[in-house]
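K.L.:
With the hints as your guide, set chain B onto chain A.
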Amino acid sequence: MALDKTEYSMSAAEKMSNGAVGRNKNGVRVDRSDGHVHQNGSAKKEKRRPFIESFENIPLLTAATTFIGFHLILLMGYVTSIIFTPKVAREKNRQGYVPLYDRFESFYSRYVYRRLRDCWNIPICGCPGSEVTIKDRVTHDCGWTFEYTGTQSTALNLGSYNYLGFAQAEGSCSEDSAVKIKELGCATASPRIEFGTQKIHQELEALTAEFVGMEDAITFGMGFATNALNLPSIVSKGCLVVSDEKNHASLILGLRLSGANVEVFKHNNMESLRQVLHNAVIKGQPRSHRPWKKILIVVEGVYSMEGSIVRLPEILELKRKYKAYLYVDEAHSIGAIGRNGRGVVDYFGVDPKEVDILMGTYTKSFGSAGGYIAGSKAFIDHMRVNSHGNCYATSMSSSCAQQIISSMKIIMGKDGTNEGKKRIDQLARNSRYFRRRLNQMGIITIGNNDSPVVPMMVYMHSKIASVVRRLKTNNIAVVGVGFPATPLMEGRIRFCLSAAHTKEQLDNALVHVEEAADFLGLRYSRKRRSKEPVHYSDSESEME
Amino acid sequence: MVGKYIQIGERNCLNLGTNNYLGMIENPEIEKSALECLSHYGVGSCGPRGFYGTTEVHLDLEDKLAEYMKCEEAVVYSYGFSTIASAIPAYAKRSDVIFVDEMVNFAIQKGLDASRSQINYFKHNDMEDLERLLMEQADLDRKNPKKAKRTRRFLVAEGIYMNTGLMAPLPKLLELREKYKLRFFLDEAISFGTIGKTGHGLTEHFNIDPSEIDMISGSLENSIGSIGGFCVGSHFIIEHQRLSGLGYCFSASAPPLLMAAAITALDIMQRDPSIFQTLRDNSTFIHSQLSSQLPSDLRVHGHPESVIKHIRLANPSGDKVADEQLLNEIVDK
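Protein sequence lines, in the order shown, are assigned to chains A and B. Its first residue numbered 1, the first sequence is counted upward by one per residue in the numbering used here. Its first residue numbered 1, the second sequence is counted upward by one per residue in the numbering used here.
Chain A extracted, bound-state conformation (with noise of 0.2 Å):
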């Protein structure tokens, strides 16, 4: 894991200016209560924010142990498959049969999964908000069976993906929502293309259109199909696709069924994209020579394992050097960052025309289901073509559609309330607030300092079932990764954090996340700790 610290450092004066309020430079209202200029995208001498990404290294000793233990568990494993017969289904009435499955995947799912199972796949009986009431479940045989105690503990819920608090089974949406189900029922059992589309859909879709900022969107029911189903109508054999190293399962699997080439690059590297789009245009196509039809890269806003934010508006600039199209997966980014909430060209302050194709999903931020892609009218009139996603899979239910339509109104403020607005400022102050905090501790955090995902490292398998656990008894639902969704030794814990999160609520957490990082051992980072207290305000210049 390379050492990445990238600061767009402000000079003093701009320092200075920033403490201002209610002040009127260079044409730019100041109107924040922080006194931060934002971008201008059209203004010459443009003030970027602060982009503070960091990814520290793992220390030596760290990477041994984890090493060692990773191994230890897999000899422990071995050992015990040897030892004792596995309490799993065997297959019946199938000898003869080639195995279904290859060794080491079964070997690491009984002996290695297996063991930390309980920290996943928790069941839920409630609306998960802001705290989340969950099932209790206890297992006798470490991991094999589960069996429910029949209790419910509440739990602070840092683990789902509700940025703008929208999971909420009271408030207008879901009222909304219900008069929509019992005019329109349920579903459509149809694809768009057929009798899927009714008039909900065409709201929807001139909706999400101008909230991001584009000429048209179309809608689809499920955010991994979105991806997975269009790629391939707009790529195909031929063209050439840049995708960051760390894209998502959904844009792996839509770029293999497209048949296109595929380059990786480094995450978030702007030299390796450079590099490699170089090297496109001059070689061209393998064997032939000739020209790519196209070259496509492809990224996500914010990267949800890495908690990272795209460097977009450098990629831009490579995107108009090299002549490439430019596809944004703004899955975790729309609604979430950006001081509109509309994603990461609002973040930067960049014209949303630029990029050429916007993907979001309504899973996070809207707290419903789905996915869109924005771009050009031209582009979506030949995606509702030929989209397999609108040709054969069902359209979005209507109860969906009406719930994304009235959080997308809130987050406007079409309603006529600033509760939107309130919502997003909410977000940016808990996500700050809460990584400053774990920093103080001396935890390593990674990713960007404004992304609303913080991934806390702790490298070792049995340190993320530990903290999980350990957590859990103290009545806080977090989310632990490791291998596979993440390289071998960099598990870590990820907090998704939500603006319907009180500071107390986060106060609290910290307490507990502090106290098991005094027992566990996870202040690994070797950064100077500021002593100072860390204020939970809108401000940006109180930095590390």
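Watch out, some of these pointers could steer you wrong.
Said to hold, decoys possible - Simulated crosslink set (EDC-like; lysine to aspartate or glutamate; CA at most 16 Å straight-line):
(1) Lys149(B) - Asp96(B)
(2) Lys182(A) - Glu29(B)
(3) Lys182(A) - Glu36(B)
As the list claims (entries may be wrong) - Only part of the chain B face toward chain A is listed, based on derived beta-carbon distances under 8 Å:
(4) Ile6
(5) Ile30
(6) Tyr41
(7) Arg49
(8) Leu59
(9) Tyr91
(10) Asn222
(11) Ala252
(12) Ala261
For the record, the hints were derived by calculation from the structure and aren't laboratory data. Even for Gly, the Cβ is constructed at its ideal location relative to N, Cα and C.
P.N.:
Same frame as chain A, now just chain B:
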């Protein structure tokens, strides 16, 4: 609402175009249970199944489906298309061989592409052609026994083919499966809830034990009137999808209200088996009427009991563009 009648512009038309086979979309009981669930869980589930996206409703639906299909376990996906498109690549990898009917639906085709296996298509519902391909594969295996020991072989078929309306000859397929040691995946997207005396699908129609089939996949979007899909089979097979099914692990779980609607639909199906007889009567009636009353240059295709009927040109001219134009004119009229 897109139910028995559908409003297009000013006109109220009889709906023969959507997959609402059991009329569940307009059912008030289903609406009631969806609303109840909405008031408890909200709309979205805000997370994948592994990260606090598993609610009691999801687990209930999985148990009910497994019980209904008389299998050990079921896994529920949030989208019908993704179900079979994620299930096939979870088991079949690059070095494997898949035998599949040439007329399978688009979702299965995408699943086959994603699996990267070697695909052998056999002519539609032609068991001799399938046997020929299997014998060729057996020859190859004899020449290279070491490789044969590592190559998994799969057979994929649909209960009722979306593209033709015909039924798969299940007993013969199972015979071949037994003889050549194939793993059989049956996609019952259309036949689930429509075929069989009590709607249990093709296995009931042919009176076969469902455990003979390695995995049955179905859709909650057709007979059940909700959104999603499922796979049922033994513990051994289905458990694997919880870690390797891409559409399951890397995607948010289905909205709980749609799962509640599906549970209610299953309850209705179990409580009132007469709806299947009504559906069967309607299908056979239409089939017989169309066969006798269509003009001579149009023909009806499909099994008499199938809910999907294809009306095709009796003598296609061979020119796709002209034929499509003619069909479009018929549709517009």
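K.L.:
All hints, please: hold or fail.
P.N.:
Checked hints:
1. Restraint check for Lys149(B) and Asp96(B): satisfied, since their Cα atoms lie roughly 11 Å apart, inside the 16 Å limit.
2. This hinted pair checks out: Lys182(A) and Glu29(B) have alpha carbons roughly 11 Å apart, not beyond 16 Å.
3. In summary, the hint linking Lys182(A) to Glu36(B) is supported, as the alpha carbons are separated by about 12 Å, within the 16 Å threshold.
4. Because the smallest distance between the Cβ of Ile6(B) and any Cβ of chain A comes to about 6 Å, under 8 Å, the interface hint for this residue holds.
5. For Ile30(B), the suggested interface contact is upheld, since its CB lies about 7 Å from the closest CB of chain A, less than 8 Å.
6. The criterion of a C-beta within 8 Å of any C-beta in chain A is met by Tyr41(B), whose closest approach is roughly 5 Å, and the hint holds.
7. Checking Arg49(B) against chain A by beta carbon gives a least distance of about 6 Å; that is within 8 Å, so the hint holds.
8. For Leu59(B), the interface hint holds, since its Cβ comes within 8 Å of a Cβ in chain A; the closest pair sits about 6 Å apart.
9. Evaluation of the Tyr91(B) hint against chain A yields a held restraint, the C-beta minimum of about 6 Å falling below 8 Å.
10. Interface restraint check for Asn222(B): the shortest CB-CB distance to chain A comes to about 6 Å, inside 8 Å, so the restraint holds.
11. Hint on Ala252(B) holds. Least Cβ distance to chain A is approximately 4 Å, under the 8 Å limit.
12. Using the Cβ-Cβ criterion of 8 Å, the hint placing Ala261(B) at the interface with chain A is satisfied: the shortest such distance is roughly 5 Å.
When each numbered hint is compared with the structure, no violation occurs for any of them.
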